[in-house]
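Chains as they are written, first to last, in the UniProt record's numbering: chain A, 1 to 616; chain B, 1 to 351.
Check before you lean on any hint, since a few could be wrong.
What the hints assert, rightly or not - Listed below are several chain A residues computed to face chain B (Cβ distance under 8 Å; list not exhaustive): (1) Ile-214; (2) Thr-260; (3) Gly-282; (4) Trp-285; (5) Leu-418; (6) Gly-455.
To be verified - Far from chain B by the CB rule (all over 12 Å, computed), these chain A residues: (7) Gly-121; (8) Ala-495; (9) Arg-525.
In short, the hints are calculated from the structure, not lab data.
From the three backbone atoms N, C-alpha and C, an ideal C-beta is built for every residue, glycine too.
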Amino acid sequence: MPDQSPISSVNDFVVRFANVNGSGSASANELFARSILRHGVPVSPRNIFPSNIQGLPTWYEVRVTEAGHLGARGGVDMMVAMNPQTWDKDVASIEPGGYLFYDSTKPMPSSKFRADINVIGVPLTAITNSTYTDPRQRQLFKNIIYLGALCALLDMDPKLVEQLIGEQYKGKEKLLSSNVHALHLGRDWALQNLKCPIGLQVKKSDKVGDRIFIEGNSAAALGAVYGGATVCAWYPITPSSSVAEAFTSHCKKLRHDPETGKAKYAIVQGEDELASIGIVIGASWNGARAFTATSGPGISLMTEFIGLSYFAEIPAVIMNIQRAGPSTGMPTRTQQCDIIACAYASHGDTKHVLLFPEDPAEAFEFAAQSFDLADRLQTMIFLMLDLDIGMNHRLCRPLKWDDARQYDRGKVMTAEMLDEPGRDFGRYLDVDGDGIPYRTYPGTHPTKGSFFTRGTSRDRYARYSEEGAVYADNMQRLVRKFETAQDMVPRPLQANAAKPTKYGVIYFGSTAPAMDEAIGLLEARGHQLDRMRIRAFPFHSSVASFIADHDFVYVVEQNRDAQLRQLIVNENGIDPVRLVPILHYDGTPITARFIANAIGDHQDHLKVTPLRKAVS
Amino acid sequence: MTYIAKPKFHHPGLPKNELGYTHRDYEGKISTLCAGCGHDSITASIIEACFELSIEPHRVAKISGIGCSSKTPDYFLGNSHGFNSVHGRMPSVLTGANLANRDLIYLGVSGDGDSASIGFGQFAHSIRRGVNMTYIVENNGVYGLTKGQFSATADRGSKSKKGVMNTDNAIDLVAIALQLGASFVARSFSGDKTQLVPLIAAAIRHKGASFIDVISPCIAFNNHAGSTKSFDYVREHNDAVNRLDVLTGRDPITVEYAPGTVQVVEQHDGTRLALRKIDADYDASDRLAAMTFLQKHAAKGQVVTGLLYVDPDAEDLHTHLDTVETPLNRLEAEDLCPGTTALEKINASLR
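Same shape as in the complex, but just chain A (with noise of 0.2 Å):
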């Protein structure tokens, strides 16, 4: 008996998964989340990877949170440890209570186990040999076999997982029945010899409703689909590459012409990032709706073409997969950290609009709002994901879209206007005050609104000129059209404490289900803060006035340098002593454990009794 009373939790609790890369783990894994879902009761899984296709240690974290807490949680109730090089690593971050369920095949010395933990030992390789003799089918009908243990531990209905197998293997029957059987092998052995269920266990509730469960790369590119995106050129780079994988599949059921079976869109595979913008600026140039997707080290390589898009004024979309940075860093860890580059990249006075999604059903709208802004701003968009949305499936509201929705080409001028009497077009004239001028596809008249598009100055008719004047009239306006596009982007959401107070919090992206749950653990705390989710640059005006409102404002983002804090200061002229910021950024996503803690243990501060009153 561990000298640790066992963890007991019904539906919230958080399994770990301790795999090798390449072994086949992941669709079990993700299997078991899917299973507890069916149960109604909501998860939140996260991959832990390494830059590796075979051989490296990889993890699988399952959040069993009936409380719909979706952020990562931190700690390790069970860990199921599969993979011998990470053991100790594994075996030391269990929770004390927790439970560590091994592979007993081989016996283990007593040291490699600890004494404040359960340990749950399934003879899973002897099970497995004496089953199956091809070595594959060894490998993978392991992951089932503990996935059926698991079953009989937590006490989940096996008729829920038989049911999501059946619907992987509809209409191969032969995968399908094996499958069930290896999961039933598991489940009999534990029922057999082992207590069930453990203090962990999955009641069936009903908070899941009609959410659904999609990773955000693939709800972003479905986002352009939607959007009517037709060119997508992309460069291969993690965590980036599956956002082009999706819309390839996506494009494949969706975007086909149902009588030539021709093909609605274009993807090309580029040689580098450089590549790929230029392909999106030449297709947005002349007038399709065109986007890349990449990661860090793709925006530095793309930043010539950012700026030609800014001063050129040619539509574009970026999705920017954030991960950790500076250089290479961490291909395959998360970070907020590339707001800065994107918010101003290129060389020159250059400003982008920023999208920021805080889940997959966000980066949808987003994603198909982009090419809408693009158009009408005749600029770039930046979609800003990250890994932790982008690369993890994530419970999120239905996708929707509204039939009646015609997409927003913005200011172009067709051969009729042209001919319109008395119609005067000039590729840079501001007509209307908003800094957006017309432009015109190549092709569009025999005669009038052709043009020279060009990187170099130019006046409002497109001539080149170096003249001060009329490049600073043009620099004004392109300042103008920015302050346009504050009020076409999504606002800011904003939401009041219970109480008054006189904090804020701001905060943005992958880190609002941590926020919002850190939120009610500050509570129990006795601090109050009203916050607000910052959902797009340039920032609207109640970003300043909620600032303003508030003695101080913790700005809470997942990179080292308070990147988005920066860019309010700059963008909004605060005092930067008005915004703390709350900084994580070791590559695993931020939690509501490490939000409530700073920003509580900074609050308690506050708190101290003054001197003056202690002595009265």
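Please arrange chain B on chain A, whose structure you already have, making use of the hints.
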């Protein structure tokens, strides 16, 4: 360059082409390049070729990178959209533009610095992909705008204006284009318009990646003794393998050719290319032989010109991607958006 503005006056007797356009309709702004620049002759040849083909001027998209050559799209086809993009990146911008609208004619204009140095990769990959375009390199072996540095096409052993010897090996873009699968490859000389004009016309009518390397002497920095890209050197070493007549109509070939002296190639759109052989053994339909021929003659210091290779049955990128006939930029929400019914199905599959 000249400071005299171009008069708008049109001579009433100017000849018109099939569409009723005159030469002037294919011209652009007045050139700002040096007087006597080879590039201006190429500009004139492009104008001539487009006039002769009776192309609607606004249905051409002219795309370039950065450099003297890349400025020239402003000097022809003034009613076309032009895009003077980023140094070395014309090929990617052109590829994207082509994907967006397959119905326009794409003219990519680049230089030797733009295509053989900073843009060598993009040059290679656009050719590899078979983008339907006419890719013209105005090749003078030197960086003009930055005042006379060698480019990567400068021959080893050639001398700069300041007398410095180039010790690096030269990149022969024609040889590379052949190796990468370009389906139309030619080399010409800016000083030989009679050779160049039909080559440009044939390239425009070719479906697939057409590449033309035009040796175009830099009057300011690379036209001296010791240069292998000077007017004198190229004239002396020009080894033309054929002369080209482009026949666009359906009419039978009326010109009399002596038997065995002409090779006729019919392209996708019906244009026939009559190649009058100068070198009797040269076969423009044999890629391997072309590569060998080039290498052998280059070793002798000769500049091989003419239509070096053509594959009239080439496919382009759109064929490979199997895209719809309607240009992608004309598809509307009803063509592109799968709608709520499809989305509800997707939602259901994600539970």
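| query | Of the hints stated earlier, which fail here? | reply | Violated hint (a single one): 5; every other hint is consistent with the structure.
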